[in-house]
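Undergrad: One-letter residues, chain by chain:
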Amino acid sequence: AQSVTQLGSHVSVSEGALVLLRCNYSSSVPPYLFWYVQYPNQGLQLLLKYTSAATLVKGINGFEAEFKKSETSFHLTKPSAHMSDAAEYFCAVSRNSGGYQKVTFGTGTKLQVIP
Amino acid sequence: DSGVTQTPKHLITATGQRVTLRCSPRSGDLSVYWYQQSLDQGLQFLIQYYNGEERAKGNILERFSAQQFPDLHSELNLSSLELGDSALYFCASSQGGLSSSPLHFGNGTRLTVT
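Taken in order, these protein sequences are the chains called G and U.
Its first residue numbered 1, the first sequence is counted upward by one per residue in this note's numbering.
Its first residue numbered 1001, the second sequence is counted upward by one per residue in this note's numbering.
The hints are simulated quantities; they were obtained by calculation from the structure and are not laboratory data.
Warning: the hint list may mix true and false statements.
To be verified - BS3-like mimics (lysine-lysine), calculated; alpha carbons at most 25 Å apart, straight line:
1. G:102 x U:1057
2. G:49 x G:110
3. G:102 x G:68
4. U:1009 x G:110
5. G:68 x G:110
6. G:68 x G:49
Same shape as in the complex, but just chain G (with noise of 0.2 Å):
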């Protein structure tokens, strides 16, 4: 079974300041980590990816997150918020599942960029 949390539904920072968005995940076997990025009226996006290559992941717009499995954390940051960065984050965990891709998604975080 694997299963994923995001702590606060809605997360507001200044425009400038660090961006922290929390997961957690579960799984019996190491899992394959994403993050996606939702802007109005449009699908998720891939943020950026764990694949066990590097605990450190670098994505697209200066986001990253590290993978710790020792806390089996996998939080979102980026260390200055920017008005584009307005959206909804969706963590997500991957796992092979009897010979294909099984994924599950969190519930989603909203993040607010104040001026």
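Based on the hints, put chain U in the right spot on chain G.
TA: Just chain U, lined up with the frame of chain G:
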């Protein structure tokens, strides 16, 4: 551009009606996923197909059905529509066999039931 095409973009219909949503996956992807997104329920997984076969079911109502055709496109059929079925319906595709493959999402079909 994700390479995933969903049609139509918008659909307005009345309660009790039936509609079909269509999805063309990204070239080379074998897996297709359907999701429903609404303000009160968030992103809900409906169903997954891999190379024409149903692989996983989520919170899909009995009034809803789907299939993936030999050319790998997929259709989601929604019948006996209710007001509560109004939502964004997303299709996503992935290579399917590899757990490291990301999902590629279409821009969705916005369904409004009146």
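Undergrad: All the hints need checking, so say for each whether the structure fits it.
TA: Okay, the hints, checked on the actual structure:
The hinted pair formed by residue 102 of chain G and residue 1057 of chain U meets the criterion: a straight-line CA distance of about 11 Å does not exceed 25 Å. Taken as a hint, the residue 49 of chain G and residue 110 of chain G pair is honoured in the structure, with Cα atoms around 19 Å apart against an allowance of 25 Å. Distance check on the hinted pair: residue 102 of chain G and residue 68 of chain G sit about 21 Å apart at the alpha-carbon level, within 25 Å; holds. With a CA separation close to 24 Å, the supplied pair residue 1009 of chain U and residue 110 of chain G stays within the 25 Å bound.
In summary, the hint linking residue 68 of chain G to residue 110 of chain G is supported, as the alpha carbons are separated by about 23 Å, within the 25 Å threshold. Straight-line distance between C-alpha atoms of residue 68 of chain G and residue 49 of chain G comes to about 14 Å, which keeps the hinted pair within the 25 Å bound.
When each numbered hint is compared with the structure, no violation occurs for any of them.
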